[in-house]
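With these hints in hand, go ahead and build the complete structure from the sequences.
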Amino acid sequence: MIGYFDNQKKEYVIKDMYPLRPLLNYIWNEEIVVNLNQFGIGPSSAVNQGDLRRVVLDYRLVYIKDRDSGIYYAANRNFRQLNFERFETHVGLGYSRIFSTYQNIDFELTLSVPEKDFAEIMHIKIKNSDSKVRNLSIYPYVRPFVNTTWHIGYNQGEWDDDLQGLIFEHNGFNLENPYQTIFFKSDFLPKAYETTDDKFIGRYGSIEHPLALKNKSLSNFDTVSEENFACVFQYDFALKPGEEITINLVIGLCKERTDAIAIADKYLKPGYFEENLQRLDQVHEAYIEKMVVETPDEYLNTMTNVWLKRQVSLGKTWARVYGKGFRDVLQDCSCFASLDPETAKQKLLYTLKFQFTNGNTIRMYEPIEPHPYQDGAAWIPATVLAYLKETGDFDLLDEKVGYYGSDLQETVRDHMLRGLRYLYSEKGEHGLILWRGGDWNDSIDNAGMQGRGESVWLSIATIKASNEFIEILEEEGNQNEIITELKAEIEKLKAAILKNGWDGKYFIYGYDDYGNKVGSKDSVDAKIMLNPQTWAVLAGIFDVEDLHKLMDVVEERLKCDYGYLQCAPSMTARDPNIGRMSYFQPGVFENGSVYIHGVTFKIVADCLLGRGEKAYETIKILAYDNPLNPNSGVEPYAVSNMYYGPECVRKKGYAPQSWITGSAGWLYRGITQFLLGISPEFSGLKINPVFPQAWDKVKVSRLFRGSKYEIELIRSDVNKLVVNNQEIEGNIVPVYPENSVVQVKYYFKQHIF
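Basically my numbering = 1-based index in the sequence shown + 1.
Derived by calculation from the structure, the hints in this document are not laboratory data.
Source: prediction; values computed, not measured.
A virtual CB, placed ideally from N, CA and C, is assigned to each residue, including glycine.
Incorrect hints may have been included.
[Unchecked claim] Here are the simulated DMTMM-like pairs of lysine to aspartate or glutamate, each with C-alpha atoms no more than 25 Å apart in a straight line: (1) Lys401 / Glu367; (2) Lys16 / Asp282; (3) Lys401 / Asp415; (4) Lys700 / Glu295; (5) Lys10 / Glu290; (6) Lys126 / Glu86; (7) Lys241 / Asp107; (8) Lys495 / Asp544; (9) Lys267 / Asp163; (10) Lys506 / Asp562; (11) Lys700 / Glu711; (12) Lys267 / Glu116.
[As the list claims (entries may be wrong)] Derived CB-CB ranges, DEER-like: (13) Asp7 / Lys117: 24 to 32 Å; (14) Gln410 / Asp544: 27 to 35 Å; (15) Pro577 / Tyr300: 39 to 47 Å; (16) Lys117 / Lys721: 47 to 55 Å; (17) Ala695 / Val284: 34 to 42 Å; (18) Gly505 / Pro373: 25 to 33 Å; (19) Val723 / Pro368: 17 to 25 Å; (20) Gln410 / Val554: 42 to 50 Å; (21) Arg204 / Asp163: 27 to 35 Å; (22) Asn216 / Tyr19: 27 to 35 Å; (23) Arg204 / Pro373: 20 to 28 Å.
Next comes the structure, spelled out in structure tokens:
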């Protein structure tokens, strides 16, 4: 057993501390993001000056040494796998807490970040549960990232008397980024310190056996021109039986030493650690209460009510952590609009600044990714529509936002229109949207660089985006000229898709620069690809009957034991006219993996067609506990980016990359808005459940526009909507005045496919 969910505390408790692969947790604010494994080890990064900068390289360790016996160990890592009486990690919402007990010494380490600033907080508790006094030395150890350029001659690390802590600086000539100071301080004055691994670990020691622990005291050595810095303090205690001590530490990044003093003192003041955890609890409780589902599936309830929201929150702030993809942030904001509309709005407006005046967008910002991907504009209308349906706030459309590299400012409405007009102006000889440097499938990144390749998927996505923009304009009114323009463009593009994108039973992915079909029955490999099929449903390319046939092909050709393949079969021949996808090993990433983001599109497509059984089955086989995929290694509380496909024989089913994926937002909406069928509309909450036949009833509590809707979905032999004990026509619950509590019962009959 890996562990278990503690739903009362909203934690996942890891009991197996040596699982198949490290189990990750992310903690963050707007300025720093920390990637922690079950031991509390992992990098942290800060975004400033439009770029990412590491703060902590990897290790956060706490060594405990019994001064009488000389025995020492890393209490949160247990390198030597000593016989700890207790060793577990509690993954929380905004923190990780690691517990261990060895030879009657109880240890607890909590890692979190403050509300703002480039800083991390460490909270250590140590208790003597022995019947005698224990003479202990405690050594917190963190590895800071100091060398931001290649020249170690800029570096120094030393004790600072004003800070009463350690300072590490990389003050070089003509550096663009002024954030070159790392500080480390505690609320308890240490006996001694080290600033370098050479002194603490030793030239010939190891992280498991630091040579400095053999000495009575650390050396208090200040250093310059160093490659491997270390933040290490030593505390000596004589703990009586039952006595407990606590130590708070902060490590952070700033410009000047005076900034370090102010930041450290702020987060080390008495009571701040507890106040910060209370703040985190309040933040997450506000997200959780936005929508609470009660289905017969307890795991689905837990993920939907708590953990998917947490993962989407990471995405709306940090996107994929290594950078903020334009499409990535927008997709997560489409979901987050239902949890925190104002935050989603601000993220949307900020992201739109990275659209060019020609209508296309940057692929990624913070840091900038200049490769000319082509699909960014196709994601804007869906995000705006999600926000408008959640809030009814049409003033958003008139808010002005700038463009990347330009002084021009235009309305959100103009940004959407520029984007769509750009896409429609970019067509190739088959009448399809030009591929350029790529679309959603980042790894087909060279099929259109000559300006001739065309993407069928992007053409379908453009129709979907156009339909969404038209829906906005029709609700807004007085936009007939633009609507007429777009409808004419849709018809031309749709005709080209059906003529040149249809392969007899399914859609190809596109044409490369030399006119070769990609994702076709005529292709050597990758004869069918998932996304064009699912997005044909999302865009309504066919009538319903033909869309069912299309999804039947998906079931037949792309399903495996633990999901649906991004393509089949995998590419085996490297093809520079395709790009990096063809260079990936078979079954890896977009080349034949179960790319979960793509599978969540399939879940939504199933629901739109009323195929609730298929949608739910898909959700279940993606789960961490699928018995047909026992060695995925994925965290039970997070969604992975992918599982390696069956053609990756050596790592079949393995999940190498969790958390940083668009899968969580699409899965959350797939469950709440499509499977359970409770979706916001301009005029209220639409109810259209398609959940599996085995479920007779589902309860949902949903906060919507300032009121609480208590909803029961009841399988029946009739369709009937009862609101506050009165039957009303249709399946849309109207918007009630703020602070109302609305009782809803929806009786429905469902055709099972």
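Which earlier hints turn out false for this structure, listed by number in ascending order? 14, 19 and 23
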